Amino acid sequence: QIQLAQSESVVRKPGASVKVSCKASGYTFTDSSIHWLRQAPGQGPEWMAWFNPATLTRSRARKFEVRVALTTDTSINTVYMELSGLTSDDTAVYYCATVTPRAGSYFIAWGQGTLVTVSS
Amino acid sequence: DIQMTQSPSILSASVGDRVTITCRASQGIRTWLAWYQQKPGSAPQVLISAASNLHSDVPSRFSAGGSGTDFTLTINTLQPDDIGTYFCQQYHAYPLTFGGGTRVEI
Chain H
66 QIQLAQSESV
76 VRKPGASVKV
86 SCKASGYTFT
96 DSSIHWLRQA
106 PGQGPEWMAW
116 FNPATLTRSR
126 ARKFEVRVAL
136 TTDTSINTVY
146 MELSGLTSDD
156 TAVYYCATVT
166 PRAGSYFIAW
176 GQGTLVTVSS
Chain B
-11 DIQMTQSPSI
-1 LSASVGDRVT
9 ITCRASQGIR
19 TWLAWYQQKP
29 GSAPQVLISA
39 ASNLHSDVPS
49 RFSAGGSGTD
59 FTLTINTLQP
69 DDIGTYFCQQ
79 YHAYPLTFGG
89 GTRVEI
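Chains as they are written, first to last, in the working numbering: chain H, 66 to 185; chain B, -11 to 94.
Read the hints as simulated data drawn from the structure, not as lab findings. Here the structure is a predicted model, which is why all the values come from computation and not from measurement. Using N, Cα and C, we set each Cβ at its ideal position, and we do this for glycine too. Treat the hints with caution; some may be incorrect.
Example chain B residues on the side facing chain H (calculated, C-beta under 8 Å, incomplete) [unchecked claim]: (1) TRP20; (2) ALA22; (3) ALA31; (4) VAL34; (5) PHE50; (6) GLY54; (7) SER55; (8) PHE75; (9) TYR79; (10) PRO83; (11) THR85; (12) PHE86; (13) GLY88.
With these hints in hand, go ahead and build the complete structure from the sequences.
Structure follows, in structure tokens:
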């Protein structure tokens, strides 16, 4: 079955960057886009960006256009999301998730989540 | 951006009850709506897609419907395992957006 394994939780200082990895298995890596979302405590998920490992195309939500970088290493079926210029408002659980190709952008599988804590 | 508004924010019910959660979109999204269940410490899991299609392995006591701007998720015969937070998500347009969630308590 589809599995997405994310990197471990981290603590960063304000102004720093964080890079979260998402390793996919159980399906053909280039068949489906990987999305990134985050969830602050007590809130609904917030969509951030998607990345297509086959075409290397990507799209980001307007508020993340400048601060989010998406990369991939197709040799190990992994996508990376780097968020720069961290503030305390970026403290959240970050998830990668994938969709069923051509069925619409709802999420059929999620990573386990990576807690990013921004604190001085 | 399309805003998704859920109600109620907290729903307290008894085992065996029939409960309904509503989700309203700020503009028409046809049936491009999904519902998720999230348990504490875990990622959300999809229950429903295309507004009313039950995902595989989801118990038949869950049902959903609606189109355009107004949607519902119903749990018939509430079970203890159904406690958690439920979110709706529109995928009609980017940016994808979620409702604020409904916490179901027993």
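Consistency of the hints with the structure:
1. TRP20: 6 Å, holds
2. ALA22: 4 Å, holds
3. ALA31: 4 Å, holds
4. VAL34: B/VAL34 check passes; min Cβ-Cβ to chain H is 6 Å, inside 8 Å.
5. PHE50: Hint on B/PHE50: violated, closest Cβ of chain H at ~15 Å, above 8 Å.
6. GLY54: Violated: closest Cβ of chain H sits about 15 Å from B/GLY54, beyond 8 Å.
7. SER55: 14 Å, violated
8. PHE75: Where the cut-off is 8 Å and the nearest Cβ of chain H is about 5 Å from B/PHE75, the hint holds.
9. TYR79: With a minimum Cβ separation of about 4 Å from chain H (threshold 8 Å), the hint on B/TYR79 holds.
10. PRO83: 4 Å, holds
11. THR85: 7 Å, holds
12. PHE86: 4 Å, holds
13. GLY88: 5 Å, holds
The structure shown violates the earlier hints numbered 5, 6 and 7.
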